[in-house]
Amino acid sequence: MEVRLEGLTKKFTDVVAVDNVSVVFPSGKLTGLLGPSGCGKSTTLFLLAGLYNPTEGKIFFGDEEVTEIPPEKRGIGLVFQNYALYPHMSVEKNIMFPLENMKMPKAEAKQIAYEMAKLVQIEELLDRKPKQLSGGQQQRVAIARALAKKPRVLLLDEPLSNLDARLRLQTREEIKRIQRETGITTIFVTHDQEEAMSISDQIIVMEKGIINQVDLPQKLYNDPINLFVAKFLGNPPINVVEAEIVNKVLVVNNKKTIKVDLPNQKVKLGFRPEDVRIDPNGPLEANIYMVEMVGRDTSILCTINNEKIRGIIDSEIEVNVGDNIKFDLRKQRFYLFEYNTGARLR
Amino acid sequence: MRENYKLWYYLRKSLVYFLLIFAAVLVFIPFYWMILTALKSDYAVELVPPEMFTWDLHFKNFIDAYKSTRFDLYFRNTLFVAFCSTTGTVITTVLASFAFARLEFKGRDTIFMLLLATMMIPGEMLIITNFVTIKNWQLDDTFAALILPFMTSVFYIFFLRQTFKQIPNELYLAAKVDGTSDFKYLLKIMVPIAKPTILTIIILSAIGSWNAYVWPNLVTSLSNESVKLISNGLRSSAFVDDLGRVKYNWQMAGSTIVTIPILIVFLTLKKYIIRGVSRSGIKG
Amino acid sequence: MFENKHNWKGYLYLAPALILILIFIIYPLFNTFLTSFKENYQFMTGEYDGFSIQHYMDVFKSSKFKVAFKNTMILTIISVPVSIVIALLISVGLNSIKRLQGFLQTIFFLPYVTNVIAIGLVFQFMFNHNYGIINTVIGWFGIGPVHWMDAYASYGEAMAVIIIYSIWSSLPFKIMVFLSGLQTIDKQYYQAAQIDATPKWRVFLRITVPLLSPMIMYITITSFMGAFKTYEHVLSLFGDGGTAGDPGNLKTMVWYIYEALDSSKKGSVAVASASAVVLFIVIMIFTAIQMYINKKRVHY
Chain A
0 MEVRLEGLTK KFTDVVAVDN VSVVFPSGKL TGLLGPSGCG KSTTLFLLAG
50 LYNPTEGKIF FGDEEVTEIP PEKRGIGLVF QNYALYPHMS VEKNIMFPLE
100 NMKMPKAEAK QIAYEMAKLV QIEELLDRKP KQLSGGQQQR VAIARALAKK
150 PRVLLLDEPL SNLDARLRLQ TREEIKRIQR ETGITTIFVT HDQEEAMSIS
200 DQIIVMEKGI INQVDLPQKL YNDPINLFVA KFLGNPPINV VEAEIVNKVL
250 VVNNKKTIKV DLPNQKVKLG FRPEDVRIDP NGPLEANIYM VEMVGRDTSI
300 LCTINNEKIR GIIDSEIEVN VGDNIKFDLR KQRFYLFEYN TGARLR
Chain C
0 MRENYKLWYY LRKSLVYFLL IFAAVLVFIP FYWMILTALK SDYAVELVPP
50 EMFTWDLHFK NFIDAYKSTR FDLYFRNTLF VAFCSTTGTV ITTVLASFAF
100 ARLEFKGRDT IFMLLLATMM IPGEMLIITN FVTIKNWQLD DTFAALILPF
150 MTSVFYIFFL RQTFKQIPNE LYLAAKVDGT SDFKYLLKIM VPIAKPTILT
200 IIILSAIGSW NAYVWPNLVT SLSNESVKLI SNGLRSSAFV DDLGRVKYNW
250 QMAGSTIVTI PILIVFLTLK KYIIRGVSRS GIKG
Chain U
0 MFENKHNWKG YLYLAPALIL ILIFIIYPLF NTFLTSFKEN YQFMTGEYDG
50 FSIQHYMDVF KSSKFKVAFK NTMILTIISV PVSIVIALLI SVGLNSIKRL
100 QGFLQTIFFL PYVTNVIAIG LVFQFMFNHN YGIINTVIGW FGIGPVHWMD
150 AYASYGEAMA VIIIYSIWSS LPFKIMVFLS GLQTIDKQYY QAAQIDATPK
200 WRVFLRITVP LLSPMIMYIT ITSFMGAFKT YEHVLSLFGD GGTAGDPGNL
250 KTMVWYIYEA LDSSKKGSVA VASASAVVLF IVIMIFTAIQ MYINKKRVHY
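Residue numbers (numbering that gives the first Met the number 0), protein chains in the order written: chain A, 0 to 345; chain C, 0 to 283; chain U, 0 to 299.
Note that these hints are calculated values from the structure, not bench results. Worth double-checking, as some hints may not be accurate.
Dumping the calculated SDA-like pairs for lysine to any residue here, alpha-carbon to alpha-carbon at most 20 Å [as the list claims (entries may be wrong)]:
1. C:12 <-> U:186
2. A:265 <-> A:200
3. C:12 <-> A:52
4. A:128 <-> U:14
5. A:117 <-> A:128
So here's chain A without its partners, still in its complex pose (with noise of 0.2 Å):
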């Protein structure tokens, strides 16, 4: 089933939280929303959802418009950010809870929530009450209840933010796993940007209520559309520097250092900490000021002209703290941002 949002507008009292928002999730495919917190992402879940009510717009699944379906007629699945577990119901009460509301014998909607644990891979736990399970533990009872009704879309709020770093790695896993078992189509919202690089098809990155860039993972890494999602995305994140453009050189303090195909102006400059290359003959400049040793990699800080640069170097090199650099980048890769607005310059 695929999802569609056309001209999606959400206008709290003071705030426009979602802006204009058209985008598609594909069908069958597991899409991560993501952005810093107050971007939008949450919002635009819960209008998926039908929880709130658009204040424009258009909301599709497949080619029939939900926009003004109440959510219980839509055939969604969500799971909360605290996955709103009955406390007072059993794990299988809580699965077999929606299943009951359709009139399902009791027999089938059993067998149903049995499958259902067993597919999260806690059908020992079917008597127990969610007080008594570990946070990863009630996230499988609220992925198996959203799933029990098979839903024709499945809505994921934060899903892995209430859980420690440990138990973090392990069910994104099983949430990958879980969405290719069922081929359903999974939208799911997150603030933690490797969260999203790790699992998803498709990720919509969100700022302000306005989609920035929807993208596969690798290529919003690789190819961002403007500073936001470059610093976004990455983990240390993007080095940024003010440059300027004279005579097709990019000129970085005062130095002339690489040639670029674009008319006179300032812009930013920005390079992964990963692409620093120590080199005696490379075109810029650094003073380090700290050096950390980090198992395999050294990772040196520097300023360039007072603006802090990270890079990350072979722990091999030799450098130290007071040392001038000269460096290159790998493969050549940076990106060039119009100093105001943050648009990529190509």
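With chain A held as given, fit chains C and U onto it using these hints.
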């Protein structure tokens, strides 16, 4: 199709509103009937069937009803009793709650548990002996009889202790380091922080005095006007005309006079009262 | 905790409250129990002729007590469940709306602080055979007029007035507790239920009621306790006689206690004590039964 969903939604909402407003009207009827009757003329009040509304409002009924009784005296008595028992309650509960919340002494938790257990006991069990005590101390027909038993409350101690316990212990330790005495700490730090809870206690205790009827009725004699409280005064007031027939408009005016002050207190300080009530349970 | 070597200091702070509690709560508790066994007890002198269970026998044999017990039971068994259900529905309704919520809430809370005696007079007049609003309104639908509480009123009519007055004055407290309970229930449970297409009645029975069950249990127990102790409501409606019409002795168990206490007869304080102990035990039994029933059903 989609219009249907909206229609159902609005129908259901309307039904909820209709039922709630209907229930609210039912709840409000006694107040309406009380005030309406209090304002009716002597003639209108005896109409059959009675008028459900009238523009012929006789505000003078309030003055007449007030003058036909010793309401001025009852008000003064009630305010005095309310003031004394509330002040006493605040002092005793603040001190005791502080002891339970912050001080360490032998038997503290045992005593606290015992006190909590007494909240289960119906007041009627206690009233009999208290009645005997007051008689034996020859305090019947005195203000002391009306005030003394209400100068403390296990529930308020429990309630205030909860609030005190929420104040971080570091504040206490910091004060200790600065050489602040316990009493000064209680007065300068704990009491100001717990002000909302103390205000709740003051209001509920004062309302309790205002509505007290059974105990005053027991320990004061009907003929003794000098210590009579407002509820008892209202009940013993006749509101009759020269022929001895009940003047319902006066009677309702009397009820209104007793009810209105407390309603005003309630409406202005609603949030404190609701806070106290829904936190735990005391029935006024 | 800060080390405090002075035990006496705690007791010093406790003293004012503790002395009053000892005199007016702890001592009476034991003394009332003891007094209930004293024969020919004279409270002014404290004299008595030994202990026996005679007063309990008298209480149980007394026809007045039997009537009072019956009245109290009827009143309790009708007014408690009815008022709980009404309060629950009103609370859920109030919790589901936005506009007018504060206003309606205030109206529903109004009876809480009112003076039982004053409003008793109002109810008396509302149910007046000739001049009352109740007979007027039901008259529009061709019902009545009903005697309610005048000299010709039946027992049922008079009891109905007491029950209506009790429910009216007990609603606010219940609504306040339920509403504050409802407000602590996470909204997401309702959103989850909505997405799963749960019918409204099922949401109420399967989610709201179970999640509210601690409050419901608390209210049930306190309401039973309160209803068993009904006294002022009847007094304010029917006056010192406590009767209406022909068969209408409407006195309650607490009334029976005060009547015994008030009489100048020798040993009457002991009889009052015995009946208070009986009331206490009845309340305890009911509370224990409810706790037992609820233990399995209440979700914490």
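Verification of the hints:
no.	hint	result
1	C:12 <-> U:186	18 Å, holds
2	A:265 <-> A:200	36 Å, violated
3	C:12 <-> A:52	17 Å, holds
4	A:128 <-> U:14	47 Å, violated
5	A:117 <-> A:128	17 Å, holds
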